[in-house]
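Let the hints inform the model, and build the full structure from the sequences given.
Top line first, the protein sequences correspond to chains A and B.
To convert, count from 1 in the first sequence and add 3; that's our numbering.
To convert, count from 1 in the second sequence and add 1; that's our numbering.
Keep in mind the hints are simulated off the structure, nothing from the lab.
Straight line, CA to CA, 30 Å or less: simulated BS3-like cross-link-like pairs of lysine-lysine: (1) K109/B / K282/A; (2) K282/A / K104/B; (3) K138/A / K104/B; (4) K138/A / K275/A; (5) K284/A / K275/B.
Just so it is clear, the structure is predicted and the values come from calculations on it, not from any experiment.
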Amino acid sequence: MIGQLVKLCWNRKGSQALVVVEVFISFLVLFAVLTVAVYNLDNYRRPLGFDYHDVLNVSVGSLSDAAEIGAGRTRAAAVTDSRRLLGEVRGLDAVESAAAMEVPAFDLTGRTDIVEYEGRRLESYNNGVSDDFAKVMRIQVTRGRFFEPADDGLPYDPVLINERLAGDLFGASDPLGRNVAPRPDPGRGGGEATREIRVVGVFTDFREDGELSGPEPYFLRRNPVAGASAEPYYNLVLRVRPGTPPSFEEALMERMRATVPGRTFQVDPLAKTRRSMMKTKLLPMAAAATIAGFMLIMVALGMVGVLWQSVARRRREIGLRRALGATGRGVSLQVLGELLAVATAGLLLGAAVAVQLPLLGVVGWIGNGVYATAIALSALAIYGLTVLSALYPSWLATQVQPAEALHYE
Amino acid sequence: MLRSYLKVALKVLRRRRFYTFISLFGIAFTLVVLTVGAGFLDHVFGAQPPETRADRTRCVYMIRTAGPRGVRTTTFPGYGLLDRYVRTLPGAERVSLFTFQEKVVTYKDGARIEAYRKYTDGAFWQIMEFRFLEGGPFTARDDEERNRVAVLNASTRRRFFGDGPAVGRTVEIDGERFRVVGVVEDVSYLRFTPFADVWLPIGTIRDESYRTAFHGNFMAAILAPRAADLPRLAEEFRSALARVESPDPDQYNEFTGGIDTPFGMLSRMLFSQKLEENRSGELLGWLLGIAFVFMLLPTVNLVNVSVSRILERASEIGVRKAFGASSWTLVGQFLVENVVLTLVGGLLGFALAALVLGAINGSGLFPYARLELNGRVFLQGLLLTLFFGVLSGAYPAWRMSRLNPVEALKGGLR
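Below you can see the structure in the form of structure tokens.
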């Protein structure tokens, strides 16, 4: 049966070629859109690892300007400023807890460093945070402990790593108490001095760029805000009591201005930052999906047109089949089957091209599972579209009256 | 002759409504996407107020620094670098320095007002032609004397003062008070260089450390006396960068960059890792390539439908051939039909594109953006439509011209 269908299509390969090309291109378009969609959905269902509700982010103006430090304001003054700010906001009634962090959440920036354990080197995102960070962000520590004030006296630098980094670096063995390779620290002693870096805990995750970001290795460094090893902070995060009115932001701003004059501040609820970041990420996807959707409608309409034409042209052939005893069902299945055969040809070509992406590893951070799902879904969608556009023409084919059709000559 | 072709074309289109619908749908949809895209690019990169002198203005946006230790940074330059090496370019008529716009929050009567703030100098207002609704710009003197004066855009004026005039009144921005000296028409968020809600003199920046910084968040706009002077100016800028004495040669001692239009900047960022070359041509090529590939699918679709449509009219073609019409006449007739179809689809597409652009403007996705279909985009789209029509008509017409009259008259064909 299939062999016959393929033969029938091959006989009219000239006029079928264009349909093949059409299916081929639309498959690739669908594949591209679905790969992005599947990748993001896959990320979306993973836990975020922290709680952004009722958290205010304060970015402290010119503290973040690297030029400033080069231009003469001393690092120590900046550190003092961030310490005083933190102490001040902690004292406010509406604030449950406050911490500092280097790289703000939901802003599409990040910092990476190399971590190394027994010859395994990995590039990992990381962030420097103060002791109360886990409380503010509700980080879930699964093994070991979070940073604490007593860490000031440790002879090594404590870090916490996320589950993924623990798996990538240590496999099944216990990461607690292990040293990851020391790195030169430009902050102390001009790049020569090194200190051991030791894992003191494991947390589920901290996906600072939001639900749509990929699963990444991550670790948290401790920056104590006070003491000799402190570095200035650019961002404070405050967990406020639920139901705190927005007018609190203004009071907070005034308080901070009074505490360290000469700085600029920006206060944003994290939920709001997240919303605008989601918008930035989703907007291009939505536009691409809309365009792809219209393209598919166009292709479907085109296929209906071609099939309709071919049914109209082959009335005699169909009439003959009916006269020889074929059922209406058989005829409509033939029409559908032919289109499916042609679509499969386009699909195979498309899949051959699409498979190159994972094979060549063009976009490294997208897993093979995502590609496979996207290819399967695209194929399914194309077949669905094919069946849908064959419905009307194949019904038309069943309406052919053998006597009339054969009479035509 | 052409008139009868047109008449036949319209008749045929009316008779086969389904095919006509498919074709029009494809053409209109493709043109909507392409014209919206072109309208968007035109809005972002085209010359329009306040950048009316775009033909002889170039800007320094990003620079890249590299050092002996392998540390490379690509950032906006700092004021110190631009003040020393760009303001002094001999071939420039005017040079203006300004910051990258940053969002600041002000609270007024408990309400949160967000505004983008740009610090700039007096020359800025002479390079850009802003339309002032009231008052005027601040001057180089205001900048030098650190006068606390501000220019607002119309929307920010409304947010702070309601409908009344604002000049002479005081506005609080990020905890500091400024006297309003001018109000300008809103400038689109998508116009990267001039956009802001509030413009303030650089001299009023509280923290003085920006003055010596080489990295920072400043940009510079350079106005050349004539457009022909631009290549010389680019050369001057390059040699100025080569002369730069790094304040910290251990960290960075090599500077690369160029003076660009926003489009040139984008091409530099995308294709030239060291920011050494302006690759506008390459970027344009990519954009055209993407547009072409995008047009491929509807073209194939249109070809498909057109082939179906002619084959249906085989007997008509057979008659015309039998009566002596040459292949070329038939090809001509068919191309006319297709061009008529694409033009109708084109008009439809433009109407829809205007709706889509209106919806984008109304959605508030890009503050103050007024994307529109101007004459140039319209002409480009029209050309595109014709190209599209001929492209999708050529193959079917060729197929048609090859029909054998005897077979065609019988109505049977492969």
